[in-house]
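Participant: Sequence:
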Amino acid sequence: MSSWLYKPQQYAQINSGDEAGEETQTRESRLGRYWRCSKIHLFYAILLIAVAAVSRHTSPGGTQQEYYGDEPVKTELRLSTVPRTFELDLDYAMPPSVKVDEAWASIFPKEGGFFQHPKLAPHKSCIAVFHQLHCLDMIRQALYEARPDFTNQAYNASRPEHDAAHDHNHSHDMYHIGHCFDLIRQSIMCKPDLTIEVGDPTVNGVTGFGTEHQLNGGPGCSSFIGLVQENGPFTWFPSAYRPVYNIYSWSQLSNILYIDQPAGTGFSVGSPNATTEEEIAQQFLGFYHNWMETFGTKGRKTHLTGESYAGHYIPYIGDAMIKSNQSADYNLSGALMFSPYIRSVPGDFQQHAVTLPFVDEYNNVMGLYPGVADYYDRIKAADEDCGYAEMREKHFTFPPSGLFPAGNESDACRISHIVYEGLAQISPCANIYHISQGCPNPSDPLLWADAGDNASVPLSFDKKTWHGYLNIPEMREALHIPSGQRDWQECTDENPFGPGGDQSADPFASGALTRVIEHTNNFIIASGNLDYRVPTNGTLMVLQNMTWNGGQGFDEFPSKAFFLPTAYSDLSSQSAAGKIGDWVEQRGLTFARVFTAGHELPRYAQGGGYRLLERLLNRVPDLTNDAMFSALPGDFSGANTTHGSTSN
Numbered sequence: 012m013s014s015w016l017y018k019p020q021q022y023a024q025i026n027s028g029d030e031a032g033e034e035t036q037t038r039e040s041r042l043g044r045y046w047r048c049s050k051i052h053l054f055y056a057i058l059l060i061a062v063a064a065v066s067r068h069t070s071p072g073g074t075q076q077e078y079y080g081d082e083p084v085k086t087e088l089r090l091s092t093v094p095r096t097f098e099l100d101l102d103y104a105m106p107p108s109v110k111v112d113e114a115w116a117s118i119f120p121k122e123g124g125f126f127q128h129p130k131l132a133p134h135k136s137c138i139a140v141f142h143q144l145h146c147l148d149m150i151r152q153a154l155y156e157a158r159p160d161f162t163n164q165a166y167n168a169s170r171p172e173h174d175a176a177h178d179h180n181h182s183h184d185m186y187h188i189g190h191c192f193d194l195i196r197q198s199i200m201c202k203p204d205l206t207i208e209v210g211d212p213t214v215n216g217v218t219g220f221g222t223e224h225q226l227n228g229g230p231g232c233s234s235f236i237g238l239v240q241e242n243g244p245f246t247w248f249p250s251a252y253r254p255v256y257n258i259y260s261w262s263q264l265s266n267i268l269y270i271d272q273p274a275g276t277g278f279s280v281g282s283p284n285a286t287t288e289e290e291i292a293q294q295f296l297g298f299y300h301n302w303m304e305t306f307g308t309k310g311r312k313t314h315l316t317g318e319s320y321a322g323h324y325i326p327y328i329g330d331a332m333i334k335s336n337q338s339a340d341y342n343l344s345g346a347l348m349f350s351p352y353i354r355s356v357p358g359d360f361q362q363h364a365v366t367l368p369f370v371d372e373y374n375n376v377m378g379l380y381p382g383v384a385d386y387y388d389r390i391k392a393a394d395e396d397c398g399y400a401e402m403r404e405k406h407f408t409f410p411p412s413g414l415f416p417a418g419n420e421s422d423a424c425r426i427s428h429i430v431y432e433g434l435a436q437i438s439p440c441a442n443i444y445h446i447s448q449g450c451p452n453p454s455d456p457l458l459w460a461d462a463g464d465n466a467s468v469p470l471s472f473d474k475k476t477w478h479g480y481l482n483i484p485e486m487r488e489a490l491h492i493p494s495g496q497r498d499w500q501e502c503t504d505e506n507p508f509g510p511g512g513d514q515s516a517d518p519f520a521s522g523a524l525t526r527v528i529e530h531t532n533n534f535i536i537a538s539g540n541l542d543y544r545v546p547t548n549g550t551l552m553v554l555q556n557m558t559w560n561g562g563q564g565f566d567e568f569p570s571k572a573f574f575l576p577t578a579y580s581d582l583s584s585q586s587a588a589g590k591i592g593d594w595v596e597q598r599g600l601t602f603a604r605v606f607t608a609g610h611e612l613p614r615y616a617q618g619g620g621y622r623l624l625e626r627l628l629n630r631v632p633d634l635t636n637d638a639m640f641s642a643l644p645g646d647f648s649g650a651n652t653t654h655g656s657t658s659n
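Residue numbering for the sequence shown follows our numbering, starting at 12 and increasing by one per position.
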């Protein structure tokens, strides 16, 4: 395996102690000089975690999957952006020479990007951007060494190809190669990947593989996704010809306020300037209090709902409401979270610890069978070696046997990475948010056409300019979006918390989740069994490690029938009936699972999402109750229907 090594002939060796030595070493290769530092806190680094958002964090087709990072590294640094125009720099584009090699070497800081910091990176680590630049420089050197004829060519700086925007011929000549090296160098440096890559002692350096990096997306995804494709008055599902009326709209049960937040998300205005959940919560309360004053809703019951990264948002916003001097105005009365991103043990234990049982259960659609490459064998070996099998046996019990041990944070124990690698090879259309989905990817009316071939572009629109259903002029006018407002996107290109990501502790660790449960005694967490990104049993294990209202976890496994009545409707709003899952409720917290739902539970199980909201609002006494759905428009008993359907 190739890696970026702590090679004495290239970089000053980093000692195994907490601080590097005082002596310096002379660099013997042509990368330039590096100096040993006794204190490496001179620069800070940030682990950019890719996380899901309040509503959703990927297209249903799986072509824009974003993965959560592991335990985020905290830092005080926040980087701003400045404009810069790319121009060819011959000091980097020309063949190797003393001047060119020194220019490339000048890119790297002392220690070449390796550092150790007691808070940011207690283990020997490096910054990903420097690793990437190092690899580019290694390719540059190897190419010229393998092709000395390129080095010996006369270099004419006046050739027009040097300034071409990559539209010249694709011959492998020195001019084109120099252009490409410098363009890639500037591109890497323009938006640097500040991920911390933890050192691997087996190679005395870093490999970079197995480390999660920030991808475009959450936690800046829009609540309009929930409105249009989950629980709004109409739905336009992927692969559907047109939007249809939704009889399971949540607006029939209560006044629903869909909020694009934090700032910069969806159609929201303003620039994001918060770095913590506490700051986000205060900004939310500022907006919401103004809303209550404007529309005269102070003191009315408030219930918070959301999914995925809302597992962070809702506990912190609810906690801020409870602590506020205007707590009575907010009147927080309950919360409902679907597939929430919560963790009680570092290292994304919520997913890794239950990966093997999940693969065993759903391998008929995942295809990671023993003998198909080596993915299953690697998953099984890691499950045993990392202690996950023992952890499940000893601690995934009802009632729990005690607090869980600390999670294993090594790269080898991030088993989900093996799953992602295997699915990418064996099932490229696999959707980790609804694992039964495969090829072909369904078309999606919310996608921009340039986001992938599975954008659903109506025939009357130009694919080159299609920016999704919500950006057509008629929709923008209906939503009162100012003409100068930026186009809506499912998820923002930039993390709304800034380059450093969310700087807050998990709501489990901070106590925010516990406080909201104990304040409302009306908290529901629900998961879809077909969601691999936030697996049902992973969430349940986290709850078994949590204490609320004087007790730890649940005394019994979810075993009560989650039942839905039969509601006859036209085919556009059908819902499963009968037993769709299980549930358990103790000490003010309900946990429910739906067998055939994925990450966005109200989308894959509209009736199940509707019944869960009914339970939150105390419209039904429990989830086993077989009463007909409340507030559905029209008669859905089937008594006066023809062929099992009725008009709306």
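Among the hints, a few may not be true.
What the hints assert, rightly or not - BS3-like mimics (lysine-lysine), calculated; alpha carbons at most 25 Å apart, straight line:
hint : residue 1 : residue 2
1    : Lys-334   : Lys-312
2    : Lys-391   : Lys-405
3    : Lys-405   : Lys-590
4    : Lys-590   : Lys-571
5    : Lys-121   : Lys-110
As the list claims (entries may be wrong) - Derived Cβ-Cβ restraints for the label pairs, each shown as a range:
hint : residue 1 : residue 2 : range
6    : Trp-302   : Ala-251   : 28 to 34 Å
7    : Gln-197   : Gly-599   : 34 to 40 Å
8    : Gly-307   : Glu-98    : 53 to 59 Å
9    : Pro-493   : Asp-633   : 43 to 49 Å
10   : Asp-371   : Gln-197   : 43 to 49 Å
11   : Glu-485   : Ala-642   : 24 to 30 Å
12   : Ala-400   : Asn-284   : 40 to 46 Å
13   : Glu-485   : Gln-197   : 26 to 32 Å
14   : Thr-408   : Val-376   : 24 to 30 Å
15   : Val-109   : Val-376   : 35 to 41 Å
16   : Phe-306   : Pro-576   : 48 to 54 Å
17   : Ser-412   : His-491   : 54 to 60 Å
18   : Glu-98    : Pro-493   : 31 to 37 Å
Since the hints were derived computationally from the structure, they do not count as laboratory data.
Just so it is clear, CB atoms sit at the ideal spot from N, CA and C, and this is done for glycine as well.
Participant: Quickly compare the C-alpha distance for Lys-590 and Lys-571 to 25 Å and report which way the hint goes.
Facilitator: Holds. Lys-590 to Lys-571 sits at ~10 Å (cutoff 25 Å).
Participant: 54 to 60 Å was suggested as the range; check whether the CB atoms of Ser-412 and His-491 agree with it.
Facilitator: holds, 56 Å
Participant: Looking only at beta-carbon atoms, does the pair Glu-485, Ala-642 fall within the given range of 24 to 30 Å?
Facilitator: holds, 29 Å
Participant: Using the C-beta atoms of Phe-306 and Pro-576, is the stated range 48 to 54 Å upheld?
Facilitator: violated, 34 Å
Participant: Against the 25 Å threshold, does the CA-CA distance of Lys-334 and Lys-312 hold or violate the hint?
Facilitator: holds, 16 Å
Participant: Within a Cα-Cα threshold of 25 Å, do Lys-391 and Lys-405 meet the stated pairing?
Facilitator: The hint holds at about 18 Å.
Participant: Taking 25 Å as the top limit, are the C-alpha atoms of Lys-405 and Lys-590 close enough?
Facilitator: violated, 30 Å
Participant: Look at the Cβ atoms of Gly-307 and Glu-98 and judge whether their distance stays inside 53 to 59 Å.
Facilitator: holds, 58 Å
Participant: Does the Cβ distance between Trp-302 and Ala-251 fall inside 28 to 34 Å?
Facilitator: Holds - the Cβ-Cβ distance for Trp-302 and Ala-251, about 32 Å, lies within 28 to 34 Å.
Participant: Cβ-Cβ distance between Gln-197 and Gly-599: within 34 to 40 Å?
Facilitator: With a Cβ separation near 55 Å, Gln-197 and Gly-599 fall outside 34 to 40 Å, so the hint is violated.
Participant: Given the hint of 26 to 32 Å, is the C-beta distance from Glu-485 to Gln-197 inside that range or not?
Facilitator: violated, 41 Å
Participant: Determine whether the Cβ-Cβ distance between Ala-400 and Asn-284 falls within the hinted range of 40 to 46 Å.
Facilitator: For Asn-284 against Ala-400, whose Cβ atoms are near 45 Å apart, the range 40 to 46 Å holds.
The structure fails hints 3, 7, 13, 15 and 16 (numbered hints given earlier, in ascending order).
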